Amino acid sequence: DAKTTQPTSMDCAEGRAANLPCNHSTISGNEYVYWYRQIHSQGPQYIIHGLKNNETNEMASLIITEDRKSSTLILPHATLRDTAVYYCIVRPEAFQGGSEKLVFGKGTKLTVNP
Amino acid sequence: ETGVTQTPRHLVMGMTNKKSLKCEQHLGHNAMYWYKQSAKKPLELMFVYNFKEQTENNSVPSRFSPECPNSSHLFLHLHTLQPEDSALYLCASSLDRVEQYFGPGTRLTVT
Chain A
33 DAKTTQPTSM
43 DCAEGRAANL
53 PCNHSTISGN
63 EYVYWYRQIH
73 SQGPQYIIHG
83 LKNNETNEMA
93 SLIITEDRKS
103 STLILPHATL
113 RDTAVYYCIV
123 RPEAFQGGSE
133 KLVFGKGTKL
143 TVNP
Chain B
7 ETGVTQTPRH
17 LVMGMTNKKS
27 LKCEQHLGHN
37 AMYWYKQSAK
47 KPLELMFVYN
57 FKEQTENNSV
67 PSRFSPECPN
77 SSHLFLHLHT
87 LQPEDSALYL
97 CASSLDRVEQ
107 YFGPGTRLTV
117 T
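Protein chains in written order, with our numbering: chain A, 33 to 146; chain B, 7 to 117.
Quick caveat, the hints were computed from the structure, so don't treat them as lab data.
All figures in this text were calculated on a predicted structure; none of them were measured in a lab.
Hints should not be assumed to be uniformly reliable.
Calculated pairs, PhoX-like style, for lysine-lysine (alpha carbon to alpha carbon, straight line, at most 25 Å) [unchecked claim]:
#1 B:58 <-> B:24
#2 B:47 <-> A:141
#3 A:101 <-> A:84
#4 B:46 <-> A:141
#5 B:28 <-> B:47
#6 A:138 <-> A:35
#7 A:101 <-> A:141
#8 A:138 <-> A:101
#9 A:35 <-> B:47
#10 B:42 <-> A:35
#11 A:84 <-> A:35
#12 B:28 <-> B:42
#13 B:58 <-> B:28
#14 B:46 <-> A:35
#15 B:25 <-> B:42
#16 B:46 <-> A:138
#17 B:58 <-> B:42
#18 B:47 <-> A:138
#19 A:138 <-> A:84
#20 B:42 <-> A:138
#21 B:24 <-> B:42
#22 B:58 <-> B:25
#23 A:35 <-> A:101
#24 A:35 <-> A:141
#25 A:141 <-> B:42
Given only the sequences and the hints, what does the whole structure look like? Please build it.
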């Protein structure tokens, strides 16, 4: 079962920042927060992951609250190609003895409008 | 392009057929995965291979038979499937089991 809750859908105007929230109130100390997205009829795409510090890469920023019970994925300048379902997943790193399993929930359907 | 390729991209097969799905990764990864995505359902992990050895089988029926001859190639052999097995089958790979990179998937229809 997914250990995260996300809004079912969100809209964003092209060129604006998209902020996608995720609640993971039962997260354990050794669990990371991962974000993936799936554009229609394609395989999921890894975006970013983090443990407790905020992370940034060329695709997005990940902001994790101090108590680690929630996080926000930020797409700084959304484009039409960012329209996709975004999944927030928590799991321990496999090298820590955690399962390989990525448990995908229902995610957030982000629609970027022109 | 993620560096993970899957063939064929689309497959239609009868319930008595035998077919195979192929996955190849060009990333130097050491772990490979098969996932199933049915309509309106979340992705489900089927099998995991680490360094060619199967390390997870999530109660998958025996009509699905994986094969991993080396760290770059993964197959899923299919036989006597049911219509409810129609789905998108996704392959993924990872290095040291951290973030997973997915292929484009094979859309399978069982008639």
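Going down the list of hints, with the structure as the test:
1. B:58 <-> B:24: Status holds; Cα separation ~23 Å.
2. B:47 <-> A:141: holds, 14 Å
3. A:101 <-> A:84: It holds: about 10 Å lies between the C-alpha atoms, which stays within 25 Å.
4. B:46 <-> A:141: The hint holds at about 13 Å.
5. B:28 <-> B:47: holds, 23 Å
6. A:138 <-> A:35: The given pair, whose Cα atoms are some 11 Å apart, holds under the 25 Å limit.
7. A:101 <-> A:141: holds, 21 Å
8. A:138 <-> A:101: holds, 19 Å
9. A:35 <-> B:47: Holds, because 16 Å separates the two Cα atoms, which is no more than 25 Å.
10. B:42 <-> A:35: holds, 20 Å
11. A:84 <-> A:35: Holds, at roughly 17 Å.
12. B:28 <-> B:42: The hint holds at about 14 Å.
13. B:58 <-> B:28: holds, 15 Å
14. B:46 <-> A:35: holds, 19 Å
15. B:25 <-> B:42: holds, 16 Å
16. B:46 <-> A:138: holds, 9 Å
17. B:58 <-> B:42: Since the Cα atoms of residue 58 of chain B and residue 42 of chain B sit roughly 20 Å apart, the hinted pair holds (cutoff 25 Å).
18. B:47 <-> A:138: This hinted pair holds, its Cα atoms lying about 8 Å apart.
19. A:138 <-> A:84: Holds - the C-alpha atoms of residue 84 of chain A and residue 138 of chain A are around 24 Å apart, at most 25 Å.
20. B:42 <-> A:138: holds, 15 Å
21. B:24 <-> B:42: holds, 18 Å
22. B:58 <-> B:25: holds, 21 Å
23. A:35 <-> A:101: At roughly 11 Å apart (the allowed maximum being 25 Å), residue 101 of chain A and residue 35 of chain A satisfy the hint.
24. A:35 <-> A:141: holds, 18 Å
25. A:141 <-> B:42: holds, 20 Å
Comparing the model with each numbered hint stated earlier shows that all of them hold.
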